[in-house]
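**Q** Sequence:
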Amino acid sequence: MMSESEKLLNVSLAQDADTYGNSKVKKSENVYEWRVDNFGLFLRRKYEIPSPVFIADPSEGTKWRLILLSENCYPKGLHVGVSLVRMSEGSGQPLSVKYKILITTKQSGHICLLSSEKVFRSISDYDTGLLISHAELREKKLLLDATLILRCEMEVLRTENSDTYDDSTSGKESQEIDDINSLSTAFNTLAQKEKSPLIKPKTFIEDKFNILSDLQFGSVNQLTVSKSIQDSLNQLCNDFKSLYMSKNLADTIISVEGAEIRAHKAVLAARSEYFRIWESTGNSKLVIHGIKSAVMEAVLYYIYTGQMREMRLELALDMLTASRKFRIPHLELMIIEFLQDNIDADNVTDILLWSEDLNLKDLKQTALKFVSSNYSEVVKTDKWNVMLRLNPHIAREILLDSPSIRKNKFNF
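Residues 1 to 412 in UniProt numbering are what the sequence shown lists, from first letter to last.
In short, the hints are calculated from the structure, not lab data.
Bear in mind the structure is a predicted one, so any value in this text is a computation, not a measurement.
Misleading hints may appear alongside valid ones.
[What the hints assert, rightly or not] Derived DSS-like pairs (lysine-lysine); straight-line CA-CA distance at most 27 Å:
no. : residue 1 : residue 2
1   : Lys-247   : Lys-292
2   : Lys-383   : Lys-364
3   : Lys-118   : Lys-63
4   : Lys-247   : Lys-118
5   : Lys-98    : Lys-247
6   : Lys-118   : Lys-241
7   : Lys-361   : Lys-383
8   : Lys-241   : Lys-63
9   : Lys-140   : Lys-106
10  : Lys-292   : Lys-361
11  : Lys-361   : Lys-380
12  : Lys-106   : Lys-141
13  : Lys-141   : Lys-118
14  : Lys-100   : Lys-247
15  : Lys-265   : Lys-241
16  : Lys-369   : Lys-380
17  : Lys-118   : Lys-100
18  : Lys-292   : Lys-241
19  : Lys-380   : Lys-325
20  : Lys-241   : Lys-100
Make a model of the complete structure from these sequences and hints.
**A** Okay, here's the thing in structure tokens:
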């Protein structure tokens, strides 16, 4: 009689190939089922749900996790997305994974929603894909009494070395020195064309990580170094994105609208004065009021990555308030620029009201200028006419600042 855990995690190992030397490629096929009760709450609040950690291959030991998330896919609407995250090193080797995500239903059994393949090289590496729209879930009645049952079928390939050659540290240092001297030679090849040496050749041992100290920046070299710096920043962004998605080593919980989001105090404190002050209290859980859970998720995603997962008007306006609350001025500037670049007759009224409430003078001036230049279009919208009744002082301000409007016979 199989135990419940054996039913959920059915593992079979088989030797798949015999390659060069004493290396062997091993394949493991695994099934993990995840039951999410009260899934309707997720659909309404749009926060992330992490699965329990599971081990796909007991002989290798790597831990995995699924994470459900909501993605807004314009113009298709809200979709359920899923991330497969590597949670531990296991054998420490890169793992090539083919996986399928299926949904279990009463009528049709298992329906495949996603098929993907990725090499997971290290801890917190992940792969993300879209499963199904919120609307389809309801219309096709794929939920069992508001419960979602997902099935993850994984095929993992890994290499086993029974006789591994382990070189000495000096050999690794020698390779690093060769790489650096190759870089030096390449820079000097460019320098010969300019008749000025950029790098003095030398053997780097103790100082092998201080390559840039010997650079005399010329125009060609500046471009090369700038690209290198940008690549490093992109990698840093991806690493923190992986940390956010995996929740690995998370040490705090943020509660918003009943949803609990795990995060890292050090990251929050480094990026936000609000969280820096809260961190000094020593508490491990923070309950936040007046912020929507979807907005909180978007703010946290920005804190970790410096990027916006999605940007649309309603979210942008709510995030303006959030950026003020959490004291993240660079996020506020990004949103203001987005609004200024995307202002139109339909949204200018909302932008005016929010800029007035938050005392954002530059954004308000941009909105006022747009109204002045496009008054005949703006005045036809329902939002504008509602605003005239509730906030007549804004209309008077526009009238005073816009001589061209005063000439028209529009009533305020």
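**Q** The structure should be examined with respect to each hint, and the outcome stated for every one.
**A** Consistency of the hints with the structure:
1. Between Lys-247 and Lys-292 the alpha-carbon distance is near 20 Å, which keeps this suggested pair within the 27 Å criterion.
2. Among the hinted pairs, Lys-383 with Lys-364 is consistent with the structure: their alpha-carbon atoms are about 17 Å apart, no more than 27 Å.
3. Our distance criterion of 27 Å between C-alpha atoms is met by Lys-118 and Lys-63, whose separation comes to about 16 Å.
4. Only pairs whose Cα atoms come within 27 Å are accepted, and Lys-247 paired with Lys-118 is accepted, the gap being roughly 20 Å.
5. Annotation: proposed proximity of Lys-98 to Lys-247 holds, straight-line Cα distance about 23 Å (limit 27 Å).
6. Pair hint Lys-118 plus Lys-241 holds up; C-alpha atoms about 17 Å apart against a cutoff of 27 Å.
7. The suggested pairing of Lys-361 with Lys-383 holds, with an alpha-carbon distance near 21 Å, which does not exceed 27 Å.
8. About 19 Å separates the Cα atoms of Lys-241 and Lys-63, which keeps this hinted pair within 27 Å; it holds.
9. Distance restraint check for Lys-140 and Lys-106: the Cα-Cα separation of roughly 12 Å lies within the 27 Å cut-off, and the hinted pair is therefore satisfied.
10. Restraint check: the Cα-Cα separation between Lys-292 and Lys-361 comes to about 25 Å, which is no more than 27 Å; the hinted pair holds.
11. This hinted pair checks out: Lys-361 and Lys-380 have alpha carbons roughly 25 Å apart, not beyond 27 Å.
12. Restraint check for Lys-106 and Lys-141: satisfied, since their Cα atoms lie roughly 10 Å apart, inside the 27 Å limit.
13. Pair hint Lys-141 plus Lys-118 does not hold up; C-alpha atoms about 31 Å apart against a cutoff of 27 Å.
14. The suggested pairing of Lys-100 with Lys-247 holds, with an alpha-carbon distance near 22 Å, which does not exceed 27 Å.
15. Of the pairs offered as hints, the one joining Lys-265 and Lys-241 holds, with about 15 Å between alpha carbons and a cut-off of 27 Å not exceeded.
16. Pair hint Lys-369 plus Lys-380 holds up; C-alpha atoms about 17 Å apart against a cutoff of 27 Å.
17. Distance restraint check for Lys-118 and Lys-100: the Cα-Cα separation of roughly 12 Å lies within the 27 Å cut-off, and the hinted pair is therefore satisfied.
18. Distance restraint check for Lys-292 and Lys-241: the Cα-Cα separation of roughly 21 Å lies within the 27 Å cut-off, and the hinted pair is therefore satisfied.
19. With a C-alpha separation of about 34 Å, the suggested pairing of Lys-380 with Lys-325 is violated against the 27 Å cut-off.
20. The suggested pairing of Lys-241 with Lys-100 holds, with an alpha-carbon distance near 23 Å, which does not exceed 27 Å.
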